[in-house]
Each structure stands twice: as C-alpha cells, then as structure tokens.
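Novice: The lines below spell out each chain.
2 protein chains.
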Amino acid sequence: MPETKVKKTEDFHEWYNEIVELADLCDKRYPIKGMNVWRPYGWKLMRHVDELIRDEMEKTSHQEVCFPLLIPESLFKKEEEHIEGFGSEVYWVTYAGNNQLEERWLLRPTSETAMYPIFSLWIRSHTDLPLKTFQIVNTFRYETKQTRAFIRVREIHFFEAHTCHKDFEDAERQIEEDKEIADRFLKKLCLPYIFSKRPDWDKFAGAFYTISIDVLMPSRRTLQVGSIHQYKDNFARPYGITYETRDGTHSYCHQTTYGMSERLLGAIIGIHGDNKGLILPPDVSPIQVIIIPIIFKGREEEIISECNKIYQKLTEEKIRSHVDSRDITPGNKYYDWELKGVPLRIEIGPKELEKKEIMLVRRDNGEKKLISQNILTSAVKKELSDISTSLYEKAKNFLRENLHRLQTIEEAKEKKGIIELPWCGTEKCATEIENILDSNTLGEPIENIKCENTSCPICGNPAQTWMRYAKTY
Amino acid sequence: MPETKVKKTEDFHEWYNEIVELADLCDKRYPIKGMNVWRPYGWKLMRHVDELIRDEMEKTSHQEVCFPLLIPESLFKKEEEHIEGFGSEVYWVTYAGNNQLEERWLLRPTSETAMYPIFSLWIRSHTDLPLKTFQIVNTFRYETKQTRAFIRVREIHFFEAHTCHKDFEDAERQIEEDKEIADRFLKKLCLPYIFSKRPDWDKFAGAFYTISIDVLMPSRRTLQVGSIHQYKDNFARPYGITYETRDGTHSYCHQTTYGMSERLLGAIIGIHGDNKGLILPPDVSPIQVIIIPIIFKGREEEIISECNKIYQKLTEEKIRSHVDSRDITPGNKYYDWELKGVPLRIEIGPKELEKKEIMLVRRDNGEKKLISQNILTSAVKKELSDISTSLYEKAKNFLRENLHRLQTIEEAKEKKGIIELPWCGTEKCATEIENILDSNTLGEPIENIKCENTSCPICGNPAQTWMRYAKTY
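Protein chains in written order, with this note's numbering: chain A, 1 to 473; chain B, 1 to 473.
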C-alpha cells in the first residue's frame, strides 16, 4: 500500500500526477521526457476506449487503415500552412545506420501528408466517394511546455479519421455525423463536452474551419480532447486528390478529419476520480466488477466457490469481472481496487452465503446494497448503468455551473471556468480579452446563440457572436 | 476486374508481389521503399492474427504493455553485442523542430533496450517474478536488401514478449511454454513449421541461444516467422535487473524474449494461396463466409431476405459473414472473393429457396455441397474446420516432402528445400557447406536426433549433431 497520497480536493494537479502512477496506468521514469511507458492496467483502459471508437467507426462505415510513421520532407511541405503550423514541432530522422539520408523524414505529428498522396491514387471516380478511413496510431510532437501524463506528451496515442467527399456539402454532412459520434462516444466515457468553432487565427494548420471538443477539468481549466476539421479542398489541391464526376469532368475532393487522443484518459482520470483514486466509467473499465471473498475460517472453500460461481455468471453476460483471492485482508483489497477505480464491488462472506444474498458496493458514492443471488446479473447491469449515468450527470452539472454567459469584463474577472462574452469579430479584441482574463480563446459556440443588443466589451461595437475564453491545458 | 494475373504455379514471386496489392492487403506506392500502406482488408487480417496471439498471451498470464518508440543512444549501447548486431540497421532521430538533440534517439528495432531499464525499476523482490509482458508495435530496420511486402520491410508490425525469471531453469520453462504457444497459434494459421537452434555465430545479438521458427514457402526457400531467445543474464547485468531472493541476497534475473512479425501474413499468403488468389485460414479470415444471392427476376426480395437470414444466424454464432448485394454478376462476385481468399461461399438462388437448401462452396478445393437449411450453422462450422485441417495438412506434406536428411554434399546438391547434414560443430565447415549449396545455415533441429556413425561431409570428423541448410528469405 502506498504510504502517502495527495487529496484531489486539496491539490488537483499533484493528485493527478500521483494517481496516474499509483493506479498503474503509466510509468513516467522513461528517460525521454514526455514519453511514458503504458503499464498493463493503463494500456487495457486505453484499448477499451479504442474499441468503443472502433465500434463507432464500423457503424458509420469507416475503414481502418495503417499508414507509415515516417513522412518524407518533400511530401510534408506540399501544403504551406500545414508546414508552417507543424514545422517546429516535428522530429527528424536524418540517418539510417551510418548513412545520412538523401532526404530527411519526419515522424508523423498527424497523417495528412502521409495519406493524401495515396488517396490521390485510390480515388479515381465519383463512385469511389465518399472515402471514409481511420487509423489508431501513435503520433509525435516536440512539446516544449511542461509535460503531463496523457495530457501533454511527446508520443501521443491518437485516433484520426480522414474522409474525402464529392463536394463541400457532403463534407459538411460528414461533420454532422462526426458530432453525433462524439455525442454517443463521450457519453459512454461519462464526459460532457462543448463544441467550439476555433477562431480563424487558431484553427488547425491547413483547415477551412476547426471545431474543438473541450471538457472541463476540476481545476476549471478546459482540456481539448478532440477536434473536427473541415478542409474544403485545401489539401486536395496540393496533393492532387481529384475524381471524375458523373458528367466526365474532374473535380477536387473536399475533405474532413476527426481526431481524438489519449487526452480522453486524462479527462476520465481528472473528472471522475476522487480522493481514494480513479473512478472508471463502466463501459471502459478493464474490470467492471471486483469480487472479494470475506474469508471465515472453516468456510474458505464454500466462499471461494461462491465467488467463482458469480464470476462465471457475470462472464457469461460479458461483464468483465475478477475474483481477488490474494492472501491479504479484505480492507487492503478494497483499498487497491478503489484506487484503480473499479466501478462495482461484490463482497461475499458467510452472512451472504447463508441468506443467499450478495453485497454490492458502488465505487462512485460508496452505496451498499444487499441483493438476492437470483437477480445477480440484472442487478449488476442496473448498477453499472446507474453509475455511468451518475458520473455523467455529476460532470454535466459541474460543466453547467462553470459556464458563464456574461456581458462585461468586470463580471468575467469574478468567474472561474468557461466565460462567454459578446464579440465584435476582430482578433485584436479577442486577444485583449485573453490578456485581461489571462486565458485562451476557445472559439464560438457552434449553436447559433442570439447576441442581438450586445456589444463587444472592448471596442463597444455590436457583437457578431459569442466568444468563449478559458484557461486551458 | 484486374486485367492480368500471374500464375502462382508459374512465377511464385511475381504472383506474390501482385496478389498482395490485387487482394487489397497493402499499397506499395508509398514514397519510402519498404514502408507500405496497410489497406483495410490487409489490416483486418493482421488484426485477427494479433487477436489470436493476444488470446494466447492472456491464457499464459502475459500482460500487455506499450513502451516508447524512441530509445536514447546511451541506453541502447549498454549491451555490447546488441549494439554490434543492430547498430548499422537503425534509424536515428537527430533534430526536434530546428533544434539538434543533445543525444541522438533511435527508432526501436526491437525493445530490449527501452524496456530493461524500466524492468530494473519494476522488479524488486522474488515475489515480482516471473514478470511476463508483451507488446504489439511497429519496429524499424534499415533494410538494404530488396524489400518484399510483409516479408522484408522497413516498418515492421511486430509482436514481442519479454519475460524475467528467478533463474535459468525458470527461463527454460518459459521457453517450453513459448514452444507450446507457437504450436497452438501456428496451427490456427494452418502453418507447419520447424524449430531450429541457430548456430552461435548467427544468434540474436546478446542472446545465450536463439530458436528460430521457420516455415517453408512454395519457392522451397524458408521464411523465418518468429524466434525465441534465451538471454540468461546477458541483459540483466548491464541493465541492472536484480531481485532480492527469499534469503535476502540479490540475484540477476534470467530473461527470455519471443518475437513474431507480419511475416506471418507473408507465410499465409505464400503457402496457402493459389492461381485464383488468397486462401485464408478460417480463424483469421476477415470474412469467413461470403453469401451470394443468385438473383432471379421476380424473386429478388425473397432471395435477399433469405441471405440476410443466413447472415443473422451465422453472426449469432460469431461466424464472420457478409452478404454481397452489389449490382454485378454472381461470376464477378465469385472472382472477387476468391481473390480475397474467403474460405467458404454460400450461394442462394431460387432452387435452393424452393428446396430449403443451401449451397456451400469451399475456396480451397472448389468442392460444392448442398445442405439442408436447418443444419446451416453446424455444417458451416464443420466446413470451416475441415478447410483449416486441409490447409494445414497440405502444407505439412509439402514441408515433409522437402525436408531431406542426407549424408553427403553430392546428395544435397540434388535436393531443393531444407537439407540436414551431419555436422562436426565448427563454423568453418558449416560456412563451407553454405557456400557449396548456395544456402544459409538454419540451425540444429532442437529435437535430439541421433547422429552416431555419421561424419561431417567436409572435414570427415565425427558429427556432433545435424545442421540444417536452406535458401532463405
């Protein structure tokens, strides 16, 4: 048992830094800063998250591919804005063995420039469209800011969907689908979020527009967990992605991308955890139900055998469970599995055995419930679903309480969290507000929220729209 | 439909090079030689192979981890033989953005030198042993020889298990388990193999001994698909992997590794395929049963609905199937799915509908079988299992016919395939035989095969053991 543990409620960042290692998610002692080792428990959790997104991709007819990691410099440089945006953040391979390469290769920071030359070969005719692909790979960015496990790292576990369409409107429909995917997927992770359309000067390098997906961490700073990009034909032109239309002419494709990263884990850890450790959403928890035998002398066999029976029944219903039969006290076992965030605990002792009952204990609120053996699987399913709902609702309330639609800088200075202020539409005023509030521009709400009769708190001109500001990770 | 296709029976290598692209496994047009794009069908196949090895790992209590791709030069250089063996084959990252790195980092060619410094932190006491881990990642080797899809590439999809043990004997037990895993796993891929203990001068850089796992390709050249290494404490010493024993002293761990790569796909493609295309082992085929409606006017709906019913029933039994409802002729569909190697085809036309029957067609031998609707799933399961057995047996016979235990060089010159000759134990004689036969040393059979009364065909001294030679990939 670890000796000390910082309390989440006292020092969130210290708690976060400690919990990712205590709960066996990752090891930060690898000798390259920001490149961490995925430990078995963390990797399992990440893989469950990956499987959920794979399910969503399958349902929406995206096909999984895997493109090379290394990108020749000349390919990378074809789209000017892209290289400007990423050039200073990439790692360069210059030697193979003792031979200097004729052309430098970079480690993908994202895969547009690896994929699009090949897309231009795959797409010939309008019947090849839409092309909907995705991959789950590691990407690399040379972060100079302070690193933080899962949140700011240099080797990033990354999901990226890339689609090609016959025109702008079809690409827009893809973005609608992407938003629906985010909604279903993030609900399963119990993560409420906001979509913001990034301001022009801070969109993805090469994009026509960017929608960021942000969650609110307990520190009241936002964490961008994903983004959706409309590229129009900005990449199709330099990479020559054209198709033959029905009437025999040639057109450029319109493209979208959709990215999410291991930051999702950062959000899960930060938003749901408590002083005792992680609280994992049931849909992705490597173990959903931990079964703990409360051994009494003379009845060991009976109790263990009952635990194994429960394990069998849950496994048949595809509920991931585990019997902890280690030779340590039940209290120590509770401690361990609470730390690791297993959403539901089952305790089986002599009392339960006699009455043919089972004790269920919820990780999120500590609630205990005695149920009859014969409703085991239905009761467990209901508890897991209730835990999922509670985690989501709790986070949703926190987000709601910390999203402030205001009119003046003075009001804004009083608030923590996400601030929405009327905006005249100029970079200058947004930047000034950023400075005053010591925060970052998130972007406009994508829902059309009325801003008539409001004016920019800086220049006083009539507002075009609302703009969001927050301290960010 | 592609216009031309080389016949496997006429030019195996050309057939292989063509089929990997025609069957949508990979795209070789990526601008870095030997770094290919995994297309959706190829990636699905690879993922099914990965899942089988994951199952084996889970059954044998190995835990999945994921270590960083990049390794600092100083870590890499701690084990002398290792750096000698790999030094000329690695890619070096020297710049991050515009900044030259203080220390060069290399892309992992294999992960010993990334993992072992961390293992030395994870292992404290004998209770931490054995430590059994694995990861499935891409690795990188600067190949200068001619590349070939899945067989000789520069970015390699790789499985690597790494274990630590209290002593040599426990590591030896691990190697026994590894051999059992190979046996179960490769049986599912319908791949017969031989284990050979590599000669000392050609073992893995840093290993105490290496067992290679080779299959025999139709060209009668062997393909090494995997290897098992006993490291003894060769790495534990430089990386300081020690543990406290029961009596309080400290000992070095003994280690093993087990590696297999995407070459498994190369073996599946090469060994099972025929002139019509791939033939995939049912256990890993992305689609196990392709259902083809034989549409007759006026009965379209009935036939499609029957196909969908069959799809449903198979899906419930976890048999991966797909209804091909494209608007092209059945003949074209047969062609496509034969090319892609789907092991079993179901045809449903008006005749089948009337008689409540189903036509099953095997990909491997073209056999057709009419079965009654009500035995659908059991019949399909039996056919898939029979196909798996046939593929294995056919390959096994080919391997048996081409493994020659001989006494003299003259006999050996007459034979193609794998040659076993008596060996005196010296590198000099083995090398001479290699030269004479224009082939490579594979290693000794790991089964103890009697070699009394035989002598080395080069020096005439009494043989210590048998030695295998073959042309290799």
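Hints listed in this document are in silico derivations from the structure and should not be mistaken for laboratory results. Take the hints with a grain of salt, since some may be wrong.
You can't tell identical chains apart in this list, so a pair holds if it fits in one copy or across any two.
Here are the simulated DMTMM-like pairs of lysine to aspartate or glutamate, each with C-alpha atoms no more than 25 Å apart in a straight line [said to hold, decoys possible]: (1) K166 / D27; (2) K356 / D233; (3) K44 / D283; (4) K394 / D364; (5) K318 / E58; (6) K5 / E414; (7) K166 / E102; (8) K381 / E317; (9) K276 / D183; (10) K381 / D200; (11) K77 / D27; (12) K59 / D283; (13) K8 / D336; (14) K188 / E51; (15) K145 / E103; (16) K368 / E103; (17) K44 / D55; (18) K44 / E58; (19) K132 / D27; (20) K318 / D50.
Novice: Each hint: holds or not?
Specialist: Consistency of the hints with the structure:
1. Taking identical chains as interchangeable, the C-alpha atoms of K166 and D27 lie at most 25 Å apart only when they sit on different chains, with a minimum of 23 Å there against 46 Å within one chain.
2. In this assembly of identical chains, the alpha carbons of K356 and D233 never lie at most 25 Å apart, being 66 Å within a copy and 53 Å across copies at closest.
3. In this assembly of identical chains, the alpha carbons of K44 and D283 lie at most 25 Å apart whether taken from the same copy (12 Å) or from different copies (24 Å).
4. Proximity of K394 and D364 under a CA criterion of 25 Å is satisfied intra-copy only: 10 Å inside one chain copy versus 57 Å between copies.
5. For the identical chains of this complex, K318 and E58 are neighbours both inside a copy (20 Å) and across copies (17 Å), given an alpha-carbon limit of 25 Å.
6. Proximity of K5 and E414 under a CA criterion of 25 Å is satisfied in neither setting, with 32 Å inside one chain copy and 73 Å between copies.
7. With identical chains, the CA atoms of K166 and E102 are never at most 25 Å apart, being 37 Å at best within one copy and 47 Å at best between copies.
8. Taking the closest pair of Cα atoms, K381 and E317 come within 25 Å of each other both inside a single copy (9 Å) and across two copies (23 Å).
9. Within a single copy, K276 and D183 get their C-alpha atoms no closer than 29 Å, and across copies no closer than 45 Å, so neither meets the 25 Å cut-off.
10. Proximity of K381 to D200 under the C-alpha cut-off of 25 Å is found in neither arrangement, the shortest distances being 46 Å within a copy and 57 Å between copies.
11. Taking CA atoms no more than 25 Å apart as the test, K77 paired with D27 passes between copies only; the shortest distance there is 22 Å, against 35 Å inside one copy.
12. In this assembly of identical chains, the alpha carbons of K59 and D283 lie at most 25 Å apart whether taken from the same copy (17 Å) or from different copies (23 Å).
13. Proximity of K8 and D336 under a CA criterion of 25 Å is satisfied intra-copy only: 17 Å inside one chain copy versus 58 Å between copies.
14. Both within a single protomer and between protomers do K188 and E51 lie at most 25 Å apart by alpha-carbon distance, with minima of 12 Å and 24 Å respectively.
15. For a Cα distance limit of 25 Å, the shortest separation of K145 from E103 across copies, 19 Å, qualifies, whereas the shortest one inside one copy, 29 Å, does not.
16. For the homomeric pair K368 and E103, neither the shortest alpha-carbon distance inside one copy (64 Å) nor that between copies (55 Å) is at most 25 Å.
17. Taking the closest pair of Cα atoms, K44 and D55 come within 25 Å of each other both inside a single copy (16 Å) and across two copies (14 Å).
18. Taking the closest pair of Cα atoms, K44 and E58 come within 25 Å of each other both inside a single copy (21 Å) and across two copies (12 Å).
19. Taking CA atoms no more than 25 Å apart as the test, K132 paired with D27 passes between copies only; the shortest distance there is 17 Å, against 35 Å inside one copy.
20. Proximity of K318 to D50 under the C-alpha cut-off of 25 Å is found in both arrangements, the shortest distances being 18 Å within a copy and 21 Å between copies.
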